[in-house]
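A.B. asks: Kindly generate the complete structure, drawing on both the sequences and the hints.
Protein sequences appear in the order of chains S and Y. Note that the first sequence covers residues 54 to 169 in the working numbering. Note that the second sequence covers residues 38 to 147 in the working numbering.
The hints are simulated quantities; they were obtained by calculation from the structure and are not laboratory data. Glycine included, each C-beta is placed from N, C-alpha and C at the ideal position. Possibly wrong hints are sitting among the right ones.
[Said to hold, decoys possible] Which stretches of chain Y does chain S cover? Using the computed rule of at least three CB atoms under 8 Å from a CB of chain S, they are:
#, stretch
1, 49-62
2, 133-140
[Claimed, not checked] Partner residues are not named here, just some residues of chain Y that face chain S (Cβ under 10 Å, in silico):
#, residue
3, V87
4, L123
5, K129
[To be verified] Straight-line C-alpha distance at most 30 Å; calculated BS3-like pairs for lysine-lysine:
#, chain 1, residue 1, chain 2, residue 2
6, S, K124, S, K157
7, S, K110, Y, K107
8, Y, K107, S, K157
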Amino acid sequence: DTGVSQDPRHKITKRGQNVTFRCDPISEHNRLYWYRQTLGQGPEFLTYFQNEAQLEKSRLLSDRFSAERPKGSFSTLEIQRTEQGDSAMYLCASSSGGGVTNEKLFFGSGTQLSVL
Amino acid sequence: TQLLEQSPQFLSIQEGENLTVYCNSSSVFSSLQWYRQEPGEGPVLLVTVVTGGEVKKLKRLTFQFGDARKDSSLHITAAQTGDTGLYLCAAKAAGNKLTFGGGTRVLVKP
Numbered sequence: 054d055t056g057v058s059q060d061p062r063h064k065i066t067k068r069g070q071n072v073t074f075r076c077d078p079i080s081e082h083n084r085l086y087w088y089r090q091t092l093g094q095g096p097e098f099l100t101y102f103q104n105e106a107q108l109e110k111s112r113l114l115s116d117r118f119s120a121e122r123p124k125g126s127f128s129t130l131e132i133q134r135t136e137q138g139d140s141a142m143y144l145c146a147s148s149s150g151g152g153v154t155n156e157k158l159f160f161g162s163g164t165q166l167s168v169l
Numbered sequence: 038t039q040l041l042e043q044s045p046q047f048l049s050i051q052e053g054e055n056l057t058v059y060c061n062s063s064s065v066f067s068s069l070q071w072y073r074q075e076p077g078e079g080p081v082l083l084v085t086v087v088t089g090g091e092v093k094k095l096k097r098l099t100f101q102f103g104d105a106r107k108d109s110s111l112h113i114t115a116a117q118t119g120d121t122g123l124y125l126c127a128a129k130a131a132g133n134k135l136t137f138g139g140g141t142r143v144l145v146k147p
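C.D. replies: Written as structure tokens, this is what we have:
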């Protein structure tokens, strides 16, 4: 079990460009989550998938953000027309499910995005 | 207003000292989790507390869930430099999403 893998680890882009991040969850984990974290803050929920179905999206996720998990395995998060306010660490987590009291999330190391 | 309020925001102590960080909410939760995050890495789950009044120990770390299941604390005994990190509490509110507090940054100096 290699853990949750995120690529790239760092991304520097210019304002207005599009960026795409990839997350490979722990194999056979059916749930996959995306969070965003800014410096000194806790992670903020963006969206989550149960297999290939996107079940919940945060109001934080503007129309410029889109996430996919086409085959229920890896996921991509795309940000179009990036803005400086998008600069943050983007974290992916996966789990094998579970109820309210026993779900365990395993996080990747994140993708640090800097928008110049 | 955040669902989970953590205090203090920052704590700096000497190695060997004890510390306590708090996680408070006006909401009742079925369970609450604590994570530790090191710079440049994702959070790592430390513990899940489920029952009101529950106390769980993980080596020098003691976690307590409030009787009313609205708050929790994390106490570290004889802190070591390896305890340095961002401590996050998290719980599920509506839906299935896990919501995090703002975190307490702990610095243990040698």
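A.B. asks: Would you mind marking each hint as holding or not holding in the structure?
C.D. replies: How the hints compare with the structure:
Remark: the stretch 49-62 of chain Y is not confirmed as covered by chain S, as 0 of its residues place a Cβ nearer than 8 Å to a Cβ of that chain, below the required three. Residues of the stretch 133-140 of chain Y lying with their CB closer than 8 Å to a CB of chain S number 8, which satisfies the three-residue condition for coverage. Satisfaction of the interface hint for Y/V87 is found here, the shortest Cβ-Cβ separation to chain S being roughly 5 Å, below the 10 Å cut-off. With its C-beta approaching chain S no nearer than about 8 Å, Y/L123 sits inside the 10 Å limit, and its interface hint holds.
With its C-beta approaching chain S no nearer than about 5 Å, Y/K129 sits inside the 10 Å limit, and its interface hint holds. A threshold of 30 Å between alpha carbons decides the hint, and for S/K124 with S/K157 the separation of about 22 Å falls inside it, so the pair holds. Between S/K110 and Y/K107 the alpha-carbon distance is near 25 Å, which keeps this suggested pair within the 30 Å criterion. Pair hint Y/K107 plus S/K157 holds up; C-alpha atoms about 20 Å apart against a cutoff of 30 Å.
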